[in-house]
Amino acid sequence: MYHTLMNLGKKGMLKATSEVYGELLKVEDEIEFNCPVLITYWEYDQTGYVKKYCNDWAEKTGYLLKVISNASHKANYDNYEEFNDLLTIFVESL
Numbered sequence: 001m002y003h004t005l006m007n008l009g010k011k012g013m014l015k016a017t018s019e020v021y022g023e024l025l026k027v028e029d030e031i032e033f034n035c036p037v038l039i040t041y042w043e044y045d046q047t048g049y050v051k052k053y054c055n056d057w058a059e060k061t062g063y064l065l066k067v068i069s070n071a072s073h074k075a076n077y078d079n080y081e082e083f084n085d086l087l088t089i090f091v092e093s094l
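For the sequence shown, position 56 (counting from the first letter as 1) is numbered 56 according to my numbering, and the numbering increases by one without interruption.
One or more hints might be untrue.
Unchecked claim - With a cut-off of at most 30 Å between alpha-carbon atoms, the simulated BS3-like pairs for lysine-lysine come out as follows:
(1) Lys11 to Lys74
(2) Lys51 to Lys26
(3) Lys52 to Lys74
(4) Lys15 to Lys51
(5) Lys15 to Lys26
(6) Lys11 to Lys51
(7) Lys66 to Lys26
(8) Lys52 to Lys10
(9) Lys74 to Lys51
(10) Lys74 to Lys60
(11) Lys66 to Lys51
(12) Lys60 to Lys26
By construction, these hints were calculated from the structure, which means they are not laboratory data.
Produce the complete structure using the sequences and hints provided.
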């Protein structure tokens, strides 16, 4: 995936991102999951409104929310040990 994104270049990545998230903004229906949900975001994430949206979603739904410490937007790379431990605990709790 990394190489694919790098081949797009900055303008290509911005266009692809805009297309994906532009469509998501059109969705007006509330989505309910009939399974456990774990919401995560990252302590140092400065990407858009990620923290706000995650907090709002967790508060509204009661879904479990965890913040991955010492990580920015790609927590599974920045702090993979904490992310993997958290995910393992979540899955094993099901």
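Open item on the list: Against the 30 Å threshold, does the CA-CA distance of lysine 15 and lysine 26 hold or violate the hint?
Closed with: Between lysine 15 and lysine 26 the Cα gap is close to 17 Å, so the pair holds against 30 Å.
Open item on the list: Check whether the Cα positions of lysine 66 and lysine 51 lie no farther apart than 30 Å.
Closed with: Holds, at roughly 11 Å.
Open item on the list: Hinted pair, alpha-carbon criterion (30 Å max): lysine 11, lysine 74. Please report holds or violated.
Closed with: 21 Å, holds
TODO: Please work out if lysine 60 and lysine 26 have their alpha carbons no farther apart than 30 Å.
DONE: 20 Å, holds
Open item on the list: Between the alpha carbons of lysine 51 and lysine 26, is the straight-line distance 30 Å or under?
Closed with: Holds, at about 21 Å.
Open item on the list: Can you confirm whether the C-alpha distance between lysine 74 and lysine 51 stays at or below 30 Å?
Closed with: At roughly 13 Å apart (the allowed maximum being 30 Å), lysine 51 and lysine 74 satisfy the hint.
Open item on the list: Given the hinted pair lysine 52 and lysine 10, is their Cα-Cα distance within 30 Å?
Closed with: 26 Å, holds
Task: Distance restraint between lysine 52 and lysine 74, which requires alpha-carbon spacing of 30 Å or less - done: 17 Å, holds
TODO: Would you check the hint for lysine 66 and lysine 26, treating anything up to 30 Å between C-alpha atoms as holding?
DONE: 27 Å, holds
Open item on the list: Holds or violated: lysine 74 and lysine 60, Cα atoms, limit 30 Å.
Closed with: 25 Å, holds
Open item on the list: Hinted pair, alpha-carbon criterion (30 Å max): lysine 11, lysine 51. Please report holds or violated.
Closed with: 25 Å, holds
Open item on the list: Please verify whether lysine 15 and lysine 51 have alpha carbons no more than 30 Å apart.
Closed with: This hinted pair holds, its Cα atoms lying about 23 Å apart.
In terms of the numbered hints stated before, the structure departs from none.
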